[in-house]
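Undergrad: Heads up: the protein sequence lines correspond to chains A and B, in order. With the first letter of the first sequence counted as 1, position 530 gets the number 530 in full-length UniProt numbering; the numbers rise by one all the way through. With the first letter of the second sequence counted as 1, position 95 gets the number 95 in full-length UniProt numbering; the numbers rise by one all the way through.
These are calculated hints, taken from the structure and not from any lab test. Owing to the predicted nature of the structure, the values given are computational and were not obtained by experimental measurement. Note that the Cβ used here is the ideal one computed from N, Cα and C, for glycine as well. Keep in mind that the hints are not guaranteed to be accurate.
Ranges of calculated distance between the beta carbons of each label pair, as one might list FRET restraints [claimed, not checked]:
1) Phe58(A) with Glu5(B): 35 to 41 Å
2) Leu68(A) with Gly16(B): 39 to 45 Å
3) Ser85(B) with Leu386(A): 43 to 49 Å
In silico negatives: residues of chain A with every beta carbon more than 10 Å from chain B [what the hints assert, rightly or not]:
4) Leu335
5) Ala338
6) Val396
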Amino acid sequence: MIADLTRAERTWAMIIVGGLTVIGLAMAVGGRNDLLGVHGWMVMIVGLAGFAMMIRQFDAPEPDPERLQHYYDAPTRAGIILTLIWAVIGMFVGLWVATLLAFPDLTFDAAWASFGRLRPVHTSGVIFGFGGNALIATSYHVLQRTTRARLPDQISPWFVLLGYNLFCVIAASGYMMGLTQSKEYAEPEWYADIWLTIVWVVYFSIYIRTLMRRKEPHIYVANWYYMAFILVVAMLHIINNLAVPISLGSAKSYSLFSGVQDAMTQWWYGHNAVAFFLTSGFLGMMYYYLPKRAGRPIFSYRLSIISFWGITFMYMWAGSHHLHYTALPQWVQTLGMAFSVVLLVPSWASAGNALMTLNGAWHKVRDDAVLRFMALAVIFYGLTTLEGSFMAIQAVNSLSHYTDWTIGHVHAGALGWVAMIVFGSLYALVPTMWKRPKLYSAKLVEVHFWLALSGTLIYVFAMWNSGVTQGLMWRTYSESGALTYSFIDSLVAMHPYYIARAIGGLLFLLGAIVASYNIGMTIRSPIAETSDDAGQDLPAQPALQAGE
Amino acid sequence: MALSERDKVSGHMTTGHEWNGIKELNTPVPRVVYIFLISATIFSVTWTILMPSWPGINDYFRGLLGADQQAEVRQSVAEGVAERSSWTDAIVDEDFTTIRADPSLMQTVRETGKMLFAENCAACHGAEGLGNPGFPNIIQAPTMWGDDPATIMETIRVGINSAHDETRYGQMLAFGRDQMLPLSDVDRVVTYVQTLSDPAIATADNAEDIGEGATIFADNCAACHGETGTGMQETGAPNLTDQYWIYGGDRSSIRHTVYYGRQGLMPTWEGRLTPAYIKLLALYVADLRTAAK
Chain A
1 MIADLTRAER
11 TWAMIIVGGL
21 TVIGLAMAVG
31 GRNDLLGVHG
41 WMVMIVGLAG
51 FAMMIRQFDA
61 PEPDPERLQH
71 YYDAPTRAGI
81 ILTLIWAVIG
91 MFVGLWVATL
101 LAFPDLTFDA
111 AWASFGRLRP
121 VHTSGVIFGF
131 GGNALIATSY
141 HVLQRTTRAR
151 LPDQISPWFV
161 LLGYNLFCVI
171 AASGYMMGLT
181 QSKEYAEPEW
191 YADIWLTIVW
201 VVYFSIYIRT
211 LMRRKEPHIY
221 VANWYYMAFI
231 LVVAMLHIIN
241 NLAVPISLGS
251 AKSYSLFSGV
261 QDAMTQWWYG
271 HNAVAFFLTS
281 GFLGMMYYYL
291 PKRAGRPIFS
301 YRLSIISFWG
311 ITFMYMWAGS
321 HHLHYTALPQ
331 WVQTLGMAFS
341 VVLLVPSWAS
351 AGNALMTLNG
361 AWHKVRDDAV
371 LRFMALAVIF
381 YGLTTLEGSF
391 MAIQAVNSLS
401 HYTDWTIGHV
411 HAGALGWVAM
421 IVFGSLYALV
431 PTMWKRPKLY
441 SAKLVEVHFW
451 LALSGTLIYV
461 FAMWNSGVTQ
471 GLMWRTYSES
481 GALTYSFIDS
491 LVAMHPYYIA
501 RAIGGLLFLL
511 GAIVASYNIG
521 MTIRSPIAET
531 SDDAGQDLPA
541 QPALQAGE
Chain B
1 MALSERDKVS
11 GHMTTGHEWN
21 GIKELNTPVP
31 RVVYIFLISA
41 TIFSVTWTIL
51 MPSWPGINDY
61 FRGLLGADQQ
71 AEVRQSVAEG
81 VAERSSWTDA
91 IVDEDFTTIR
101 ADPSLMQTVR
111 ETGKMLFAEN
121 CAACHGAEGL
131 GNPGFPNIIQ
141 APTMWGDDPA
151 TIMETIRVGI
161 NSAHDETRYG
171 QMLAFGRDQM
181 LPLSDVDRVV
191 TYVQTLSDPA
201 IATADNAEDI
211 GEGATIFADN
221 CAACHGETGT
231 GMQETGAPNL
241 TDQYWIYGGD
251 RSSIRHTVYY
261 GRQGLMPTWE
271 GRLTPAYIKL
281 LALYVADLRT
291 AAK
């Protein structure tokens, strides 16, 4: 990584890690009586480690200027490995919290191991750690291939990737120490949020600067989606995290919003995190790797356009469906429901566009587990969006809300759609990235496919059953007009489903481990004979001059 | 720039754009998408016309159906109360003996009481009321404060060591920690207390300790627990001669009790449960106690 940088760039990199060290020191000193100090030490150690690495390699020979004629794939390779590491960590913690729900005593009486602290480690671990790294890694790849331009500089892609992972580590370690803003999916405290904002702005600039230098006349759909993802997540993140720290030496902050405004802001954020992080970003991934793997043209350019704008516009207004029958004024609920129903149209249009793209390649779906991962992901995307719009209808929501149905819905999307499209894309990407002729084992991909599918189905069916049972038990009245079941009765009824859910999660985790092994062995296998720029890719346009 | 070409599988033309080998067809948007879009929009717009929806500056559009969530909640709560008043009135008005003699009313007490108990009391007293460490068995054990329904109702209403103005106070003093007894005396009285429920503890070796323990007990404990250790309702001190323990009957638990004292908290339910429900729970507990005898 460092050997690829010029002297001047190495100096810049040293300034950055040096700055990070200083910030860490300031946090450690300012927050010495607070948990902020612990994070300060962590940041400082990371900064120092980076600094040490820079010094060790500072005098390495200047890199070959020829490299600027090729795509810049080292950050993508690192991102793929980080994706897999987070996949295993995040899913393992998921299995752990699932087991805790079935057997609540398994906390060893330790605060850090309590459900409330581990749950966000799971959600952030899989969404941000696994999903986010996958998005960053693939977006670098897709961006360069579809613009035929190399990433704009050598440092910023690393800054984004590593800076983002630093954020993830700060977030997860903070949860275990009890640091949280108590906003779902936006738990990290103010300093982590500021850091992520900086990283994100740089990420966006990479995109813009590369697109500005593109050698293709048009911007490919995948890039629209990746850009919507980056841009909207920036907006959501900044607004929902507006908060005032109680002091610069403290990790604790208070949100700018309160009461129902706070709830609405939070779910505007939360819902659009699902929309733009977990949907748009991964649609971008799908739009590149699926047609590429299937060897088929996109079914309809026009459909791509209307579904892109449909999704982007419609999602924004749907967040209030998370707050049906609460203190939120009814008119906001009605609008949330109305937009959610129409939202199904562009969602299905996207899914349909992807499935129709497979026309003429269905035999490949049958034979190639990699493509099958992607096809199945699209099917789950369609099912989950249908379910989502359905659950946004108030009458349905009055049964489903606060039950495990919601958890089932989320995991149909997270396991069935997000994780499957990631694994399919990674399998397609890994051999080209490491210039290997093929994956280490096609059979293991097949094994992973069936583990993932059965794990998802067991999980989702368990949660549907448990959710509907719960919802019905909570609203059953006896003849005398009193509730028939107590809350504890409903918990007892959930127990078998919670065990089933943990089994489903275990299968899915095993799949992720198989994938990591397979990809690891691919990387260790001998390099392909043909060493032209990443196999069948069109070459990067060589017209890349400094200062361009 | 590449030229449009015809795709063999679909028969449609491509757009002529190409990105690293990916092409796009210029397929028109299928009619079904428009139909779907229009019907979903019609549904949603109609819904917003019927229901409270579009905001203005100071107000919002109320919707043609005049629906109001808040009013609906208030109304259905009122309906529920009215529906239940067929039996809650009887619970409030009738005296305990009459209610307990009325099989159909007692049927409602058992049914509703089970749910109320599970929802409010089981977390501490256990699903069957048989107690948990630190929380008494209120079904089988002799009561500290009295077990006629009226007394139980009062206990539920004001709580024990609770925040209620009229709360019952039950304090087991910290004889060791507060140095009211020397450690050796604590040990002796503990041995004595053990013999109250388990005579087998007494052996030739500890006869002397037990004898002194009995004296210590008479001097320090009897005022609350009674001469024979069978408890007193005036002080809420429990019976020490039976097999039921709140905090455990093994030596180390008893020693802990005598050394550090105890002050269990039974919350007050006045204001949290309606008088009818408090009375119903008292009936429910009393009923279970009768059944357990």
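Undergrad: Classify the label on Leu335(A) as holds or violated, using whether its beta-carbon is more than 10 Å from each beta-carbon of chain B.
TA: 6 Å, violated
Undergrad: Can the suggested window of 43 to 49 Å be confirmed for the beta-carbon pair Ser85(B) and Leu386(A)?
TA: Check passed, 44 Å falls within 43 to 49 Å.
Undergrad: Quick one: work out the minimum CB distance from Ala338(A) to chain B and report holds if it exceeds 10 Å, violated otherwise.
TA: Given a closest Cβ separation of 4 Å, the condition is violated.
Undergrad: How does the Cβ-Cβ distance of Leu68(A) and Gly16(B) compare with 39 to 45 Å: does it lie in that range?
TA: Violated - the Cβ-Cβ distance for Leu68(A) and Gly16(B), about 30 Å, lies outside 39 to 45 Å.
Undergrad: Please test the hint of 35 to 41 Å on the beta carbon pair from Phe58(A) and Glu5(B).
TA: 53 Å, violated
Undergrad: Decide, holds or violated, for the assertion that all CB atoms of chain B are farther than 10 Å from the CB of Val396(A).
TA: 14 Å, holds
Comparing the model with each earlier hint shows violations of hints 1, 2, 4 and 5; every other hint is respected.
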